[in-house]
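Visitor: Sequence:
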Amino acid sequence: MKRSICLVSSCFIVSKLQDNFTSFGVSGFSTNRNQCIQHDKHRKHCKQSRLEAKSEKSQDDVNIMMDDISDEEALLACRAYLQRKNRLGKDGWTKYKERQEKLKSALAMGSHIDENFSQDASEEDHAKAQPAVDPGAGYFWENPEELKYLRTGRPRLSFDDQDDSLDEDFLYNMDEEEENQYDEDDDEFLLEEEYDEDGIFTGFPSKPPEEYILRSNNKKELFQDADWKKMWYTRRWGNHASKRQREQRNKEKKLQKYVQQIPNSILKNQELAVLTDEEIEYAIKIYVIANKRRSIAQKKRLKEKKAAMKIQSNKKKKSKMKSSSVKAVSGPTLDSFLSQMNGDSRVAEELREQQKRRSERSKKAYQTRIKHVNKSTNVDSSRNKATSKTMNQSEQLDEDELMFMNDKISMSSERIRQIINDPSLLDKKLLDLDLKVIMHPGRLKGRKQMLKGLLETCFGLKGKCIPKHGNLSDDELNEFYSKYNDVDSLEKKFVTQSSVYELARIIEFKNQDY
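Throughout the sequence shown, residue numbering follows this note's numbering, covering 1 to 514 in sequence.
Please keep in mind that the hints were generated in silico from the structure rather than gathered at the bench.
From the three backbone atoms N, C-alpha and C, an ideal C-beta is built for every residue, glycine too.
Just to be clear, a hint being listed does not mean it is correct.
[Stated by the list, open to error] Below, computed lysine-lysine pairings styled on DSS-like, alpha-carbon distance capped at 30 Å:
#1 Lys-408 to Lys-375
#2 Lys-436 to Lys-356
#3 Lys-510 to Lys-462
#4 Lys-219 to Lys-229
#5 Lys-436 to Lys-462
#6 Lys-292 to Lys-310
#7 Lys-315 to Lys-251
#8 Lys-251 to Lys-306
#9 Lys-462 to Lys-428
#10 Lys-207 to Lys-219
#11 Lys-468 to Lys-428
#12 Lys-300 to Lys-315
#13 Lys-492 to Lys-464
#14 Lys-243 to Lys-230
#15 Lys-268 to Lys-299
#16 Lys-375 to Lys-492
#17 Lys-85 to Lys-251
#18 Lys-253 to Lys-306
#19 Lys-310 to Lys-243
#20 Lys-310 to Lys-257
#21 Lys-452 to Lys-462
#22 Lys-243 to Lys-254
#23 Lys-510 to Lys-408
#24 Lys-85 to Lys-268
#25 Lys-464 to Lys-436
#26 Lys-257 to Lys-268
#27 Lys-251 to Lys-230
#28 Lys-243 to Lys-315
[Unchecked claim] Okay, the calculated beta carbon distance ranges per label pair:
#29 Lys-318 to Glu-279: 53 to 63 Å
#30 Lys-85 to Asn-264: 12 to 22 Å
#31 Lys-303 to Arg-249: 44 to 54 Å
#32 Met-405 to Lys-371: 38 to 48 Å
#33 Gln-260 to Lys-322: 22 to 32 Å
#34 Leu-302 to Pro-263: 32 to 42 Å
Can you make the complete structure from the sequences, with help from the hints?
Guide: As structure tokens, this is what we get:
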């Protein structure tokens, strides 16, 4: 229906143009600007005359294009002319204007209140007096019950904001699904039964439909005809060598697409049928000129863009060539500076002395850095040995013994946390046992934090309170604390700098004297 209306309208327009295209020349387009201004000084007529005066420069090109005007282009030109003159009314509005009008009408309906309404009325009276807004004006549906067709596919859970309970009809029991499972033999039987069906709605069709077979046979018969095959080949491949023909085909497809997008309300509009010959000529003329100007401007932009990109690439190439040819320049040295001092020996001796002092300081700093690096590597190696020893001991345990040890560690760590929270629960014997348990070889999260908490809450030690005795093993630590009874007189280091074993040994030592 839409296509037929489009063809009727376009044929009507072209029939009006047939008598005018033969005499459509330079004299037909030329107008006298002074006569138009004297006849009517209206702004629109002035703008129209200026467009016609500008179009006189390209009249020859327009005449050439008018010979090749198609029905689709004529229809699009007339539609653009009527839309620009605003003669299509509401049908010619754009989507943006329609949305703006809907928004304005919705706001007007929502904000309207009777002028004679009393200011002393309550809020309920104001709510009753204000009309309701059209529910179709917004993006969200006001009444969800009207959308029940969306829920016909599968059951859904229904929730209510005011009620915490659920509708029991929609609840699903997983146990019933497990009880109602069928066997694999039944599944195979169903598949075989579907294969045997001859209907068009079978789940697994075993052969192509009859319609497909008939179409395929008809195509094969057509290709047996030599004349038809030659015509098909020329239609499919013959015109691909010509670039102009390809562009013409693309242009025709684009025009057909634009024509199909024209609403039926515009094609049925009376303004399209009452167009005069002069209006149709002017509409096509302006349409062709505007398209040509747009095409020229786009080609110009593409040409300028290619030129700018070419200039930029040339600049990059030149900069690379210059950077490769430039020689490396070294900084000024002391000898080059002294050569400019004109043989001043006093300044030269002073500069040499400063250079010597800087060299000595750098040598000393380098030796100190090497010493610190060697010291840190020794500490890391001793810690690695201790950790490897503990890992080997933990790997020797069986699975049952390991589970039993993990339970003991969790109980001991829980008791230590209780002691940290309440120091009055401290028991010397239990603390020694718990320390031995949590110090068992293996990974334990928060071990050092528990030991630090014991030192602070039970013995009042924090900060710089651990005896500084160097890197000692476990046996050497035991010998150290048994040898020195008064460890408070020794040099101290911070708790954060001490290892877990050092913290455990100082806690055992303080627990004996507690």
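Visitor: So, for every hint listed, does it hold in this structure?
Guide: To see whether the hints hold, each was checked on the structure:
1. Lys-408 to Lys-375: violated (38 Å)
2. Lys-436 to Lys-356: violated (59 Å)
3. Lys-510 to Lys-462: Cα-Cα ~13 Å, so holds.
4. Lys-219 to Lys-229: The hint holds at about 11 Å.
5. Lys-436 to Lys-462: holds (22 Å)
6. Lys-292 to Lys-310: holds (27 Å)
7. Lys-315 to Lys-251: Violated: Lys-315 and Lys-251 sit about 39 Å apart, past 30 Å.
8. Lys-251 to Lys-306: Satisfied, since the Cα-Cα distance of roughly 25 Å is no more than 30 Å.
9. Lys-462 to Lys-428: The given pair, whose Cα atoms are some 20 Å apart, holds under the 30 Å limit.
10. Lys-207 to Lys-219: Roughly 19 Å between the alpha carbons, so the hint for Lys-207 and Lys-219 holds.
11. Lys-468 to Lys-428: holds (25 Å)
12. Lys-300 to Lys-315: holds (23 Å)
13. Lys-492 to Lys-464: Measuring from Cα to Cα gives roughly 6 Å; hence the hint holds.
14. Lys-243 to Lys-230: With Cα atoms ~22 Å apart, Lys-243 and Lys-230 stay inside 30 Å; holds.
15. Lys-268 to Lys-299: Judged against 30 Å, a Cα distance of about 37 Å means the pair is violated.
16. Lys-375 to Lys-492: holds (19 Å)
17. Lys-85 to Lys-251: holds (27 Å)
18. Lys-253 to Lys-306: Given pair Lys-253, Lys-306 holds - Cα atoms ~29 Å apart, limit 30 Å.
19. Lys-310 to Lys-243: Holds - the C-alpha atoms of Lys-243 and Lys-310 are around 26 Å apart, at most 30 Å.
20. Lys-310 to Lys-257: violated (36 Å)
21. Lys-452 to Lys-462: holds (8 Å)
22. Lys-243 to Lys-254: Holds. Lys-243 to Lys-254 sits at ~17 Å (cutoff 30 Å).
23. Lys-510 to Lys-408: holds (24 Å)
24. Lys-85 to Lys-268: holds (18 Å)
25. Lys-464 to Lys-436: holds (25 Å)
26. Lys-257 to Lys-268: holds (19 Å)
27. Lys-251 to Lys-230: Given pair Lys-251, Lys-230 holds - Cα atoms ~26 Å apart, limit 30 Å.
28. Lys-243 to Lys-315: violated (35 Å)
29. Lys-318 to Glu-279: 53 to 63 Å: holds (58 Å)
30. Lys-85 to Asn-264: 12 to 22 Å: Since the Cβ atoms of Lys-85 and Asn-264 sit about 21 Å apart, the hinted range of 12 to 22 Å holds.
31. Lys-303 to Arg-249: 44 to 54 Å: At 25 Å between Cβs, range violated.
32. Met-405 to Lys-371: 38 to 48 Å: holds (42 Å)
33. Gln-260 to Lys-322: 22 to 32 Å: violated (58 Å)
34. Leu-302 to Pro-263: 32 to 42 Å: Taking Cβ atoms as reference, Leu-302 and Pro-263 lie about 34 Å apart, which means the hint holds.
Checked against the numbered hints given earlier, the structure breaks hints 1, 2, 7, 15, 20, 28, 31 and 33 and satisfies all the rest.
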